[in-house]
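Colleague: Line by line, the protein sequences give chains A and B. The opening position of the first sequence corresponds to residue 1 in the numbering used here, with each subsequent residue numbered one higher. The opening position of the second sequence corresponds to residue 261 in the numbering used here, with each subsequent residue numbered one higher.
By construction, these hints were calculated from the structure, which means they are not laboratory data. Be careful, since some hints might not be right.
[As the list claims (entries may be wrong)] Which chain A residues face chain B? A few, computed with CB under 8 Å, are given here:
#, residue
1, Arg56
2, Met94
3, Phe116
4, Tyr119
5, Gly120
6, Pro122
[Stated by the list, open to error] Taking CB as the label site, the calculated pair distances span:
#, chain 1, residue 1, chain 2, residue 2, range
7, A, Gly4, B, Ile285, 37 to 45 Å
8, B, Gln424, A, Leu160, 49 to 57 Å
9, A, Trp249, B, Leu332, 50 to 58 Å
[Said to hold, decoys possible] A short list of chain A residues far from chain B (calculated; beta carbon distances all over 12 Å):
#, residue
10, Glu9
11, Ala23
12, Glu30
13, Ala42
14, Met53
15, Leu79
16, Leu86
17, Val93
18, Ser115
19, Leu117
20, Gly118
21, Thr123
22, Thr147
23, Val250
Even glycine gets a Cβ: it sits at the ideal position worked out from N, Cα and C.
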Amino acid sequence: MNRGLWNRETVAAILIAAYLPMALFWLWLEGTDALARLGFTALVIAVWHLVFMLTRAQAPSLAAVTAAFAIAMLAPEDLGIFRLALGISFGVVMGELVFGGWGRNVVHPATVALSFLGYGFPTAAWPVLDAPIAWAAIPAALIGMATGVMPAQVIAGAVLVAGGAAAAGLLGEPALLAGGIVLVLLVADPVTSAITLPGRWINGALYAALLTLFATGWAGAAPIQIAVAAALLTSLAAPLLDEAVLALWVAQRRRRHGRT
Amino acid sequence: MPQVPSYWSTLTTPLIRQNPVTLQILGICSALAVTTSLVTALTMSVSLTVVLTLAAGLVSVIRRHIPDTIRLIVQIVIVASLVIVIDQILQAYFAEISRALSVYVGLITTNCLVLGRTEAYARHHPPLPAMVDAFGNGLGYSLILIVIGGLRELLGKGQLLGAQVLPLADAGGWFTPLSLMLLAPSAFFLLGLLVWAVRSLYPAQIEQPEYAPAQLKSPAE
């Protein structure tokens with residue numbers, strides 16, 4: 001305990017606890033099928049964590065469970081074991097482990113895996129998640145925000161913009177439900193979202209804006225697919241948002257004090 | 261005086277150890293754009309190797325007569341003339357491939373790899389070593405292009421050089437094409453994996469990290 005209670009694994013454990021309401025509703029509605037998918041995904045990710053621990057001495061992380069949960073829930077259906085394993089391996093290795101493990105990654109491994117599966121096998125059908133799961137995302141987000149493991153500004157920014165778009169009639173119910181689930185699972189991630197406060201507001205708003213844009217302009221795309229694509233672009237933009245906010249802050253200080 | 265390297269080592273070091281694409285990340289614009297199939301990758305490799313070798317020879321022959329102030333213009337004029345010749349030959353004899361390559365043959369003119377070799381090597385060496393070095397670098401570039409082009413065509417369509425190698429699931433086989441491989445990002449992934457592999461083989465090529473994370477004080481053990 002020489003570094004305090006709040007280390008990386010505590011954050012991962014609280015994140016898992018926050019996802020529990022969604023996980024319970026999802027398992028309850030989808031049954032043993034979902035449980036098998038979750039187990040298989042977790043197994044593949046665990047193998048890769050083990051490989052990187054043995055070859056590079058990278059400590060494995062509980063965050064593997066959150067990634068496994070997001071992939072198992074959102075991945076396209078009827079891919080077959082081999083292709084699913086390929087997508088998971090790509091996402092976990094290229095999205096997270098080569099950068100040095102959870103906490104140093106730029107994009108969420110689940111986002112990478114889902115995008116890989118989505119663009120690599122465009123014929124596979126995306127899952128349709130029922131409304132109760134989307135409603136369970138609200139307590140998940142509340143637990144995450146209350147304990148501080150999910151950036152509240154990101155969620156607030158996204159809810160504001162998405163609410164405005166829904167009120168204007170631009171965002172239909174399916175896209176809204178899928179967007180909410182993906183917001184909690186992939187976008188409001190403590191590692192890959194923006195880190196500065198204004199950057200976080202913009203991060204959330206950007207996600208909702210992209211979601212609205214894709215929902216109105218991308219013909220023939222499934223709601224989950226739209227949300228995952230928006231999440232991928234948002235997480236790629238997050239470092240840029242931070243950089244811009246920091247540059248503005250430095251410029252402001254220089255104007256006020258004559259130096260940084 | 262440093263020992264003059266042999267022709268053999270001048271030719272072979274740029275193949276893998278000092279490969280211009282994986283070590284200096286030069287010429288990747290065309291490497292990414294033309295590698296959707298093996299045929300275009302091969303054509304591009306041959307075109308670039310020919311242009312690079314001839315340009316290095318020409319620049320080397322007149323290296324004592326090029327005024328320093330306008331040397332880049334002179335080099336680009338030489339490279340561009342050769343590229344135009346190659347482009348015309350492709351259009352005349354391989355019209356279909358020429359269409360598939362579109363502007364990328366023309367863009368050999370601005371390929372950093374060509375200008376880098378003529379500027380850094382051919383300007384300071386006699387014609388024969390210059391041409392051997394250019395040929396080796398052309399072969400190194402070709403190697404990367406052929407590996408990436410082959411992988412992308414094989415995984416994206418199950419074909420090699422247009423012939424079906426892996427039986428497709430649609431036609432009763434087992435292979436489901438990974439259509440991501442035909443999109444541009446996959447070339448980045450493959451090139452990244454290739455660079456990773458080469459740098460694992462030669463750890464001296466690993467770049468120093470720009471930032472080091474603050475070291476936590478570990479407890480006395």
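Colleague: For this structure, which hints from the list above don't hold up?
Modeller: The structure conflicts with hints 1, 9, 15, 16, 17, 18, 19, 20, 21, although it agrees with all the remaining ones.
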